[in-house]
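Chain P: place on chain F using the hints.
So the protein sequences, as listed, match chains F and P.
Quick note, the working numbering runs 16 ahead of the 1-based positions in the first sequence.
Quick note, the working numbering runs 16 ahead of the 1-based positions in the second sequence.
Simulated from the structure, these hints should not be mistaken for laboratory data.
Errors might be hidden in some of the hints.
[Said to hold, decoys possible] To give an idea of the interface, some chain P residues facing chain F are shown, with a C-beta separation under 7 Å as derived from the structure:
1) A67
2) K68
3) G106
4) Y144
5) G145
6) T161
7) N201
8) N239
In this text, all values refer to a predicted model and were calculated from it rather than measured experimentally.
By construction, the Cβ of each residue, glycine as well, lies at the ideal position given by its N, Cα and C atoms.
Spelled out from the first residue to the last, the chains are:
Number of protein chains: 2
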Amino acid sequence: MIDQLYRKAILTVAERKPVENLVRARGWGLAQRFVAGEDIPSALSAVQELAKDGIQGNLDLLGEFIESPADCTRFADNVIRLLDAAHEAGITPYVSIKLSSVGQGKDDAGTDLGLKNARRIITKAKEYGGFVCLDMEDHPRTDITLEQFRVLVGEFGNKHVGTVLQSYLFRSLKDRESLDDLKPNLRIVKGAYLEPETVAFKDKSDVDANYRRLVYQNMQAGNYTNVATHDETIIDDVKRFVLAHGIERDSFEFQMLYGIRRDLQKELAQEGYRVRAYIPYGRDWYAYFSRRIAETPRNAVFVARGMLKG
Amino acid sequence: MIDQLYRKAILTVAERKPVENLVRARGWGLAQRFVAGEDIPSALSAVQELAKDGIQGNLDLLGEFIESPADCTRFADNVIRLLDAAHEAGITPYVSIKLSSVGQGKDDAGTDLGLKNARRIITKAKEYGGFVCLDMEDHPRTDITLEQFRVLVGEFGNKHVGTVLQSYLFRSLKDRESLDDLKPNLRIVKGAYLEPETVAFKDKSDVDANYRRLVYQNMQAGNYTNVATHDETIIDDVKRFVLAHGIERDSFEFQMLYGIRRDLQKELAQEGYRVRAYIPYGRDWYAYFSRRIAETPRNAVFVARGMLKG
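If we strip away everything but chain F, and leave its shape as in the complex, we get:
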């Protein structure tokens, strides 16, 4: 409960324009901890920097206020530009996209525009041996996202496209089972949207328990699993689970956010686990930055300390 209050308070303050202006003016140096930069070269440098520690990247072009179909298609074009640039630089592209950003739910001559743009993106990613994760958004989009995921796996196979399940949703265990025939590549997260009690667990302990179930079941089904969490207790449990059940190290990976628990990321990579950092970049970094601050007071303390110093 205190978590929710803190999150709401921060997000409310962050949405105020004078606050945004102040942070935009002063905060770039601080945001750098969580955001790789505003453009593609910065994003790729971050990937190369992490590679030295054996950590891979999952690039996410930040986008806000993408409204019109033309905006969505332009956004998809920018993602394709990122894929081209990564390939050009010898980096196997791994990106995350929000289907809503590329036109999900918008009709384009009888086909969903999001699906069309996703196809363009995945076609390119596949050409480059890369991967596209369809990020999960708030619960009204879950059905359509899973449907479109199914269509896209049918077209491109399960090695070039994956999606996400959120452990705070009641439905996720069933959703996971329903995808098993695809041998899907799934990222398991706790979930970060403010969801109503009618669809989501409110207690941390329920969310955590469901998180473990999703991870363990997906692994035992023989599917590739992206364990996306900073929760060290869960990470330790997963390590024990894979050992006990003979889950191969090349069939799962740990994923964390860029700049968060760098120590832990390095440590896991050194222990021989696959680790991937979610690297956001783009000019619209402010909203993402606010969400990171809203997430835990620890991040706020870090930033406040930086502001006092600088």
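Using the frame of chain F, we list chain P on its own:
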């Protein structure tokens, strides 16, 4: 002429077993300048190190004494292992192979074993968005290599497989023309084997003039060109040529050997040219190392200095 004598002298000395033993014992630290290491992780680290300077890699698994069909297939398996490991590390694989190392000229149930193994390698490389260059060897293998290149481009397209032409061979200009229908990706080199006067230019000026012709003609034909040389005069001429003829920077690249003219490699990358270093690795580094020393007294001086120091 003095060049030839120097080369022969060095190679004769290098082939003597006591010399090899001495160098193998003392020389690894020195060979490191030219060889990335003995295993795959070392090779991939070299790629990541170069990436920081905007230089890409062309990985070459060194192999000597590959004789039996089983040796050839095992060698191909090792190249595939490299491709897997590169992809795993988020690196788009770019490798060079000698067709003789994977069985060229050896029959395997009615098909050339080299072609079969090359198919396996390129299939994997293509899956990862990568690239395989079929290296050119001595002139008795030119015909079959170009024939097999044609077959493989037919099967995999021109984006995942390329080959090499040597400007010291009289035939190369005609060979280049004969490949134009494939829109081939060609690396142009001067050539490093000791070839008879009946097939190859002996004068440096002829080799150089032919080098320029091959590069210019390949560029004007709209084919992707790998300008593989350390010759600064030629590099400067190529820079002028592309400017004068509006050749796009994404339709050619400069290639040099790992550890040779690092300054120049960095400089070209900083100027915005594509640059790729040829990175040899593997346990059989000695012969490669000897050839580098034999190439120019400059490299010998470098190594001698290192030996006196260390």
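Against the structure, the hints come out as follows:
Evaluation of the A67/P hint against chain F yields a held restraint, the C-beta minimum of about 5 Å falling below 7 Å. The criterion of a C-beta within 7 Å of any C-beta in chain F is met by K68/P, whose closest approach is roughly 6 Å, and the hint holds. Taken as an interface hint, G106/P checks out: its beta carbon lies about 4 Å from the nearest beta carbon of chain F, inside 7 Å. The closest approach between the C-beta of Y144/P and any C-beta of chain F is roughly 4 Å, which is under the 7 Å cut-off, so the hint is satisfied.
Taking 7 Å as the C-beta contact cut-off toward chain F, the hint placing G145/P at the interface holds, the least distance being around 3 Å. Annotation: T161/P was flagged as interfacial toward chain F, and the flag is violated, the nearest CB pair being 26 Å apart, outside 7 Å. Proximity of N201/P to chain F is violated relative to the hint, the smallest CB-CB distance being about 15 Å (cut-off 7 Å). Given the 7 Å rule on beta carbons, the hint for N239/P is violated: about 18 Å separates it from the nearest Cβ of chain F.
Violated hints for the displayed structure, listed by number in ascending order: 6, 7, 8.
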